[in-house]
Amino acid sequence: MSFLPKPKLHHPELATNDIGFTRRDYEGAISTLCAGCGHDSISAAIIRACYELSLPPHRIAKLSGIGCSSKTPTYFLGAAHGFNSVHGRMPSVATGAYLANRELIYLGVSGDGDSASIGLGQFAHALRRGINMTYIVENNGVYGLTKGQFSATSDRGSTSKKGATNTDAAIDLVGLALQLGATFVARSFSGDKAQLVPLIKAALQHPGAAFIDCISPCVQFNNHVGSTKSFDYIREHNEAVNRLDYITGRSEITADYAPGEIEVVVQHDGGVLRLRKLATDYDPHDRTSALRYLQERTVAGEIVTGLLYVDPEPENLHQRLNTVATPLNALEDRLLCPGSAMLETLNAALR
Amino acid sequence: MPQSQETSGPIDAWKETTLQPTDITHPDYFHKIVDCQWACPAHTPVPEYIRLIAAGRYADAYLVNWKSNVFPGILGRTCDRPCEPACRRGRVEADPVAICRLKRVAADYKGDITPLLPRPPAVKSGKRVACVGTGPASLTVARDLAAAGHAVTVFDREGKAGGFIRFQIPRFRLPEAVIDEEVGYVLNLGVEARLGEPITSLKALLAEGYDAVFIGCGAPRGRDLDVPGRKEAASHIHIGIDWLASVSFGHVKAIGKRVIVLGGGNTAMDCCRSARRLGGEEVRVVVRSGFEEMKASPWEKEDAMREDIPILNYLAPKSVVHENGTLTGMTFERVRAEYDAAGRRSLVPTGEPDEFIAADDVLVAIGQENAFPWIERDAGIAFERNGLPVLDPVTLQSTHPLVFFGGDAAFGPKNIIWAAAHGHQAAMSIDLLLHGKDLHDRPPPEVTLVSQKMGIHSWSYDNAVSIDLRYKVPHIEKGQALRDITTEVELGFDIDLAFKEAQRCLNCDVQTVFSAKLCIECDACVDICPVDCITFTKNGEEAELRTRLNAPAHHLEQALYIADGLKTGRIMAKDEDVCLHCGMCAERCPTGAWDMQRFLIDMAQVGARSSALAL
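Which chain is which? The protein sequence lines are A and B, in order.
Taking my numbering, I'd label the letters of the first sequence as residues 1 to 351.
Taking my numbering, I'd label the letters of the second sequence as residues 1 to 615.
Derived by calculation from the structure, the hints in this document are not laboratory data.
You may find that some hints are simply not true.
A few chain B residues that face chain A, going by a derived Cβ cut-off under 10 Å, partial list only [unchecked claim]:
no., residue
1, 113
2, 117
3, 335
4, 339
5, 411
6, 415
7, 467
8, 470
9, 473
10, 531
11, 550
12, 564
13, 589
On a predicted model such as this, the values are computed, not experimentally measured, just so you know.
Here a beta-carbon is modelled for each residue, glycine too, at the ideal position from N, C-alpha and C.
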């Protein structure tokens, strides 16, 4: 960790976004993670995504559990709301917060221990309920905070820094998210911001449950030969199915690609996803074939990245519950509480 | 097959036009990054002495200066400060570090440094060198050569050494005690000073058998005004530099109440401020050009205006108005600037009525000229048409092999720091000549590059970046300043202010050194860099590459640091322009691929290796 804060001086030509903030305004405290941690790159990508989308920092709620990954919300969006919850319980807190105030932008940051072990049940239910949030798992496949044990996402056959071989099957969070009904599913790599930043932007603007599995090498305990989550291994085995541009407003689409190479997906809010296909036979709107493709490529030893599935017209929890448009926490008591007469009527109807 | 990286295109296709890796072993590469030191004609290691000031080591800070520029106390008050416009701080914040005034701090608080100065060497070379004039150029030559064991004699027509420094810079900017001290350090090296001895013939001087002669007699002639009425009213029209000298000698103690100062250079500023102190109540500076184009340093203009001296621009002198030889004022023609296609300026009359300004005295400070009436035409020295000697620009040798020039005498009026720089070069040439060596075979600078790493995240320099704005040097109260021409106006920084100002220095001499073979391309440096100056990308042509870096890099004179040999085939490109040298890239680097290394470049001087100045 560094002892000094990041210097306040910035590039003289540092630009401002539509709401007058510089990218530096989206930063948080300096990271206390190990130097070179992939998580810090993901924090930088989140900062850039929020800056480029001109999101007002005070309208964002960042939620996390316990672990290296769950420490990171301190290191970005210093002016946003934050909740550092119990281990694995971030999704419950997010669900409650989302029910109470549907207008905030929810960003959950978790890790492979927090979401694939202690919080696996929470992870599953948040996605199947359609919580309108961006759920990022900073997946390093190792328990870094406790010095290098295998985690639930460590691949079978990979080795630890000390040389032990993992004999358990790995949980594939992307596969789970697809099965559980997440309406935006992506995988990326902390070392490739050109891919990661547009994915985070698209996820933040997606009006449903958006999940990003972001492989994030642990430089201290999982960046050795034999690891399947090291910088070198990921770079060698990374197979991106597409490259994404996220564009706000339709006017910016320019036809500088050959026909068939580009797919334009118009999101519910008018935002545009421009997908440049790399794997020509891949369809990001077919949940079933996405699952099959992922399993086939995994067997072939590849790590599939990119936007794997998106439903442009997703349904979220508030739509399913048919709640009022006004956030519940903004309603007066008179509206929230139906009164004793109404309660009597209701009870009588159930007797 | 890695597709996700930006490296999906074939790297080889770029080979023909791509950038080559930076050769950081070339002494100029890191030297240029220390903008202040590069801009200083004498290449004073500025960040080095500023760190010493912050550490309270004033004597050491003084000696670093003394070695490079010979007159730290004098320059700390009067330097033209080419270092400050170059200072990186001015590019990332509002104002540069107050380098010049920190130099004065070193001089003010150094204590007694005489035991630390070199002594006249016991072993003499047996060679004799004459220096004409005792200004900064001559004294620099004298110091360098005397310390190397040569017998140096300096000549001056005045009774005291110092030249322009002593007689033309007013006392309220530079107290005489400072001059006595620093001129003394040079003369005490065993230099023979023949003061009050004007040189009237170069041939006669050469006939005395000197092995070399250095001419550093300045540009002693003030340019005169040529307008109607000039001759008739001569008794109240004075040439600026001569008048300043008369004030300095005490021959002139008063001036009229209404004074016009003609000219826009620093001499004009000295004239008007001196006039305010000698009875001038309505002192006006009048310049032909625009205010912005004036040659005077911005801070000198500010100092003048602070003393209630208006600066009137775009007024060309037309005539001197007098009544039977008694000056009553001057008329000026109003002009404006016009630029031709090539950007050349000409001043053309606006056609408005002339302006009359009433005055009792006029000071003419419209430039200086070189004059060598004592150099015989057949002495073997060739002159250019502009009156300047024909010189080898590197060795400063004239067409007479034994005669060298420096300072204003060499290339026309410049300033003290240039004179010191010339002095070092001329001394080097003379020393080579006296040893019978090739004058162009000059020793290279000494360069050291040393890691500053002290622990995992601690460095032997203070890498926290101060966000303080530039501190102002306290001035004495104006009324008190104007009462006495010998009262120094600037009080200098106290130790507390000096520390705070010193902390504004970005330590640009502590370099970011990159080792590609250690890099794992984790992006930690890119993410932490506060000025976004690091990019990992595909190689390309420089002009094209500059357009796709993480932050704009339009300052073409500022280098890109390029390193190749990374696993993904990309290059590391760092824009040196705005780097804060904060060391964050190195702190956040997990493999030590970035390191902070102190670069110290010591320009070669005569006998530097043998002197006691290696700090």
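Now for the hints, and whether the structure bears them out:
1. Because the smallest distance between the Cβ of residue 113/B and any Cβ of chain A comes to about 35 Å, over 10 Å, the interface hint for this residue is violated.
2. The beta carbon of residue 117/B comes no nearer than 39 Å to any beta carbon in chain A, farther than 10 Å, and the hint placing it at the interface is violated.
3. Interface hint at residue 335/B: violated, since its Cβ lies 36 Å from the closest Cβ of chain A, which is beyond the 10 Å cut-off.
4. For residue 339/B, the suggested interface contact is broken, since its CB lies about 28 Å from the closest CB of chain A, more than 10 Å.
5. Using the Cβ-Cβ criterion of 10 Å, the hint placing residue 411/B at the interface with chain A is not satisfied: the shortest such distance is roughly 35 Å.
6. Hint status for residue 415/B relative to chain A: violated, with the closest Cβ pair at about 29 Å, above 10 Å.
7. With 10 Å as the threshold, the beta carbon of residue 467/B comes within range of chain A, its nearest partner Cβ sitting at about 5 Å, so the hint holds.
8. Violation of the interface hint for residue 470/B is found here, the shortest Cβ-Cβ separation to chain A being roughly 14 Å, above the 10 Å cut-off.
9. Look at residue 473/B: its Cβ only gets to about 23 Å from chain A, farther than 10 Å, so that hint breaks.
10. At its closest, the beta carbon of residue 531/B sits 5 Å from a beta carbon of chain A; the interface hint therefore holds under the 10 Å criterion.
11. With a least beta-carbon distance of about 9 Å to chain A, the hint placing residue 550/B at the interface is held under the 10 Å criterion.
12. Among the interface hints, the one on residue 564/B is violated; its C-beta lies about 17 Å from the nearest C-beta in chain A, farther than the 10 Å criterion.
13. Hint status for residue 589/B relative to chain A: holds, with the closest Cβ pair at about 6 Å, below 10 Å.
Consistency note: the structure conflicts with the earlier hints numbered 1, 2, 3, 4, 5, 6, 8, 9, 12.
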